[in-house]
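S.K.: One-letter residues, chain by chain:
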Amino acid sequence: MDVGSGPSDAEVVARVLGGDREAFGILIQRYEAGLLRYATRMLGSRDAASDAVAEGLVRAYRHLASCRDPARLRTWLYRIVANRCKSHLARRPRADVSLDDAPPVADPSDNEAALEKAEQLALVERALMTLSPERREAFVLKHVEGLSYEEMSAATGERIPTLKMRVHRAREALLQALEEYR
Amino acid sequence: MNPMDPKFHQALDGEIGMDALSPELRREAERLDAVVAMLAAAPAAQGVAARVMAAVARPAPSRPRRMWRWLVTPHSLVLRMRPAWSLALAAGILLLAVLPSPQIGPALGAEEGIAQFVARFPGARSVAVVGSFNDWRPGSIPLEDRDHDGVWRAAVVLPAGTHEYMLVVDGERWVADPLAGRYVEDDFGRENSVLIVQPVMH
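Going line by line, the protein sequences match chains C and Y. Counting in the working numbering, the first sequence runs from 1253 upward without gaps. Counting in the working numbering, the second sequence runs from 3 upward without gaps.
Source of the hints: derived by calculation from the structure; they are not laboratory data. Quantities reported herein were computed from a predicted structural model and do not represent experimental measurements. We put the CB at the ideal spot given by N, CA and C, even for glycine. Just so you know, not all the hints are guaranteed correct.
As the list claims (entries may be wrong) - Listed next, with one range per pair, are the computed distances between beta-carbon atoms:
hint	chain 1	residue 1	chain 2	residue 2	range
1	Y	Pro25	C	Leu1367	27 to 33 Å
2	Y	Ala162	C	Glu1274	54 to 60 Å
3	Y	Leu73	C	Leu1367	32 to 38 Å
4	Y	Arg29	C	Arg1273	50 to 56 Å
5	C	Ala1365	Y	Arg29	19 to 25 Å
Could you put together the complete structure from these sequences and hints?
M.R.: In structure tokens, the structure reads:
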């Protein structure tokens, strides 16, 4: 992704590889929010997501020279963070996958509409966490992060028909889960 | 839920226009849009950038220091590549020892066996085994290093059968047992060690 009139990803990568370490901050600023959002949706925990993204970005920095196509850096970063998320999920008992570390907090200054919105978000997050990690990954990459199926295939290493099937099943399961929560 | 009309997915995948959907399917698509909009709200950054930049700013250790660290730090890669002398030392790593031991006999059922774990992690503060037998919960089966020689041990009663496991060092580093002999890839592409517990014969 190239942002506005700023340097392209490939240019920034070249600067970092040329020794300009601080330039890596440009890439972090560019992709941090999306990667955090993705990891939060995958792990159901903002703390765990921060860890996964931080680990992933440090890993990306250390292996930047191995990024074969810096113009597609975004996909490469998603792949690294996706793998970190899988490691976190593999290390964590299923019972620990929860949104409890970030529940909607009822601040006295919140108005009713804001509280209702928080409740709805909690409901949706809970429904998302009922999906298998594979379906959740496919759904979030497709719909929340807006990746194309080709980009998703590059980020996950899965075939496009497999990803399509996972997205389709995830859509149906999510709608079904939300129907049951009503 | 029954699979939805394929048109629903085709429209959401951009293969056909939304106007090809029935009013009912269009409402479902709108529900999904609302869900996505909620999930798309980015969480606060929580200082990730500062953590990453601090990590990358740390100067890379010198080659001798890296060598020294390689020799003394028992992380998974090191263990797999450890020289022969150390492997010999670690030969005590025993995946499974079926001991028809009378002293534990009363607690053992016919469908249980004893698994003995031995691993060498000099300098580790704690070592535990996690696996399919304890829901991968660190801490429930700790290994002990009573004589502080870096060799950690535990013997536990497990149900007979095939189990997947890993070792957790210092509560945070997950390591496949380098001498497990058998490994299996889990759903996430990670490699777990495998042990087979034989039932104790009475």
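S.K.: Is the hinted range of 19 to 25 Å satisfied by the C-beta distance from alanine 1365 of chain C to arginine 29 of chain Y?
M.R.: 23 Å, holds
S.K.: Mind checking the hinted window 50 to 56 Å against the Cβ distance between arginine 29 of chain Y and arginine 1273 of chain C?
M.R.: Holds - the Cβ-Cβ distance for arginine 29 of chain Y and arginine 1273 of chain C, about 51 Å, lies within 50 to 56 Å.
S.K.: State, for the Cβ atoms of leucine 73 of chain Y and leucine 1367 of chain C, whether the hinted interval 32 to 38 Å holds or is violated.
M.R.: 57 Å, violated
S.K.: With 27 to 33 Å as the target window, see if proline 25 of chain Y and leucine 1367 of chain C comply at their CB atoms.
M.R.: Roughly 32 Å apart at Cβ, these two residues keep to the hinted range, so it holds.
S.K.: Could you say whether the range 54 to 60 Å given as a hint is met by the Cβ separation of alanine 162 of chain Y and glutamate 1274 of chain C?
M.R.: 58 Å, holds
Violated hint for the displayed structure: number 3, the only one.
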